[in-house]
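Participant: Top to bottom, those sequences are chains A and B. Each residue of the first sequence is one higher than the last, beginning at 1 in our numbering. Each residue of the second sequence is one higher than the last, beginning at 1 in our numbering.
Please keep in mind that the hints were generated in silico from the structure rather than gathered at the bench. Worth double-checking, as some hints may not be accurate.
Said to hold, decoys possible - Restricting the straight-line Cα-Cα distance to at most 27 Å, the calculated cross-link-like pairs of lysine-lysine (DSS-like) are:
(1) Lys39/A x Lys10/A
(2) Lys152/B x Lys40/A
(3) Lys147/B x Lys39/A
(4) Lys10/A x Lys192/B
(5) Lys134/B x Lys40/A
(6) Lys82/A x Lys108/A
(7) Lys40/A x Lys128/B
(8) Lys39/A x Lys245/B
(9) Lys108/A x Lys152/B
(10) Lys21/B x Lys201/B
(11) Lys39/A x Lys152/B
(12) Lys21/B x Lys39/A
(13) Lys108/A x Lys240/B
Here's the letter readout for the chains.
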Amino acid sequence: MKYALEAADKLSKIGISAEVIDLRCLRPLDTDTVLESVKKTNRCVTIEEGFPVCSIGSHISSVLMQEAFDYLDAPVINCTGKDVPMPYAANLEKLALVTTEDVMVAAKSVLYR
Amino acid sequence: MALEILMPALSPTMEEGTLSKWLVSEGDVVQSGDLLAEIETDKATMEFEAVEEGIISKLLVAEGTANVKVNSAIAILLEDSNTERCNCSSYGPDTYDHCDNSADSQVSVTTAPVAANGTRIFISPLAKRIAANKGLNLATITGTGPKGRIVKADLINAASTADIAAPSPNMTILTSTNSAVVEAIYRGRAFKTIPLDGMRKVIAARLTEAKQTIPHFYLRRDIHLDKLLKARIEINRELKERGVKTSVNDFIIKACALALQKVPRANAVWAGDRVSADGSVRYFCGRSNRRWSIYTCLTRR
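Turn these sequences into a full structure, and let the hints guide you.
Facilitator: Pasting the structure below:
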């Protein structure tokens, strides 16, 4: 959430308005809210700290593909931690985790900017 | 293995054709090089050869079907003679029902949208839906997304210029609007319809394109042709033994060619942002003297 909100703040300064959805609970997953948002914005970036493989982002992408295919104007992008074992070194750990910068790049990319 | 035999593009401009005659029937064994069908393109009737050998399992398009789109499936070929027939049950009459029951069928096998140069158009799902709703011609839209993908923003730009883009010289657009308009005029009255063959459709499309895209202006002048007609009789007398005959049109063409050589500035083409001229003079001269009105058309290309 931290990265999502920070990125949304920074994006609003360059004229990109983002809807941030805090899923809070993954099971049951509030797909309706996500679908409504995608129908409005036509794009989606998922953010999580876990690994990219078998992530909740993958699942949301898959749901959107099935339920909101005709509303997507860009591929869904999953922002996750890097696909590596979590490093012990503090500097590497920072690099392995998702960052606000990652989220902003992804958001710009789904907007073709 | 079951292979789909696709409607071939027998000429570079061919988009659809008439399957005038099947030369094979279901169950026939064909070798590569065997003639499969006669296909009438926009210009001529050509024979279509098999590329693979196998057994013709099913003919999907009936003989005489017009407007079969290039690259739509027209038959199923079983590659290996040992393959059981039931392998191609998925291509059974249910799947291709729409091909069988329509005499004037547009074979509507869903394919990816294709640009004028034959490459696939990439378009986001949302943009595709918007374009379908608005009836936009995807070939006229330039995509700005990655790899030229058409996205929603491109359509918004395109929609604002749609008034200019709409009357693009596209053959299908022309025929559909015309036929609908004409039908409305004739509604409730007895009228007969004369179907067009491929060549006539192309003539109509090209002449419309020329009329729409090339500025026309008309000059009138009285010319005494007495000397020319005398010269023509003289020339024709000399050419008689060779069986060649010159017409007045031939002289007009020659006169135009000489005039264009004399005034090179007129012998040029407007190329959007510049004028192109190569000094050579080329003509298209068409004439038809069947039941249709005669037209003669001089164009420079």
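Participant: Hint by hint, note whether the structure agrees.
Facilitator: Here is what the structure says about each hint:
| no. | hint | result |
| --- | --- | --- |
| 1 | Lys39/A x Lys10/A | holds, 23 Å |
| 2 | Lys152/B x Lys40/A | holds, 13 Å |
| 3 | Lys147/B x Lys39/A | holds, 24 Å |
| 4 | Lys10/A x Lys192/B | violated, 68 Å |
| 5 | Lys134/B x Lys40/A | holds, 19 Å |
| 6 | Lys82/A x Lys108/A | holds, 20 Å |
| 7 | Lys40/A x Lys128/B | holds, 17 Å |
| 8 | Lys39/A x Lys245/B | violated, 71 Å |
| 9 | Lys108/A x Lys152/B | holds, 15 Å |
| 10 | Lys21/B x Lys201/B | holds, 20 Å |
| 11 | Lys39/A x Lys152/B | holds, 13 Å |
| 12 | Lys21/B x Lys39/A | violated, 50 Å |
| 13 | Lys108/A x Lys240/B | violated, 78 Å |
Hint compliance for this structure: hints 4, 8, 12 and 13 are broken, all remaining hints hold.
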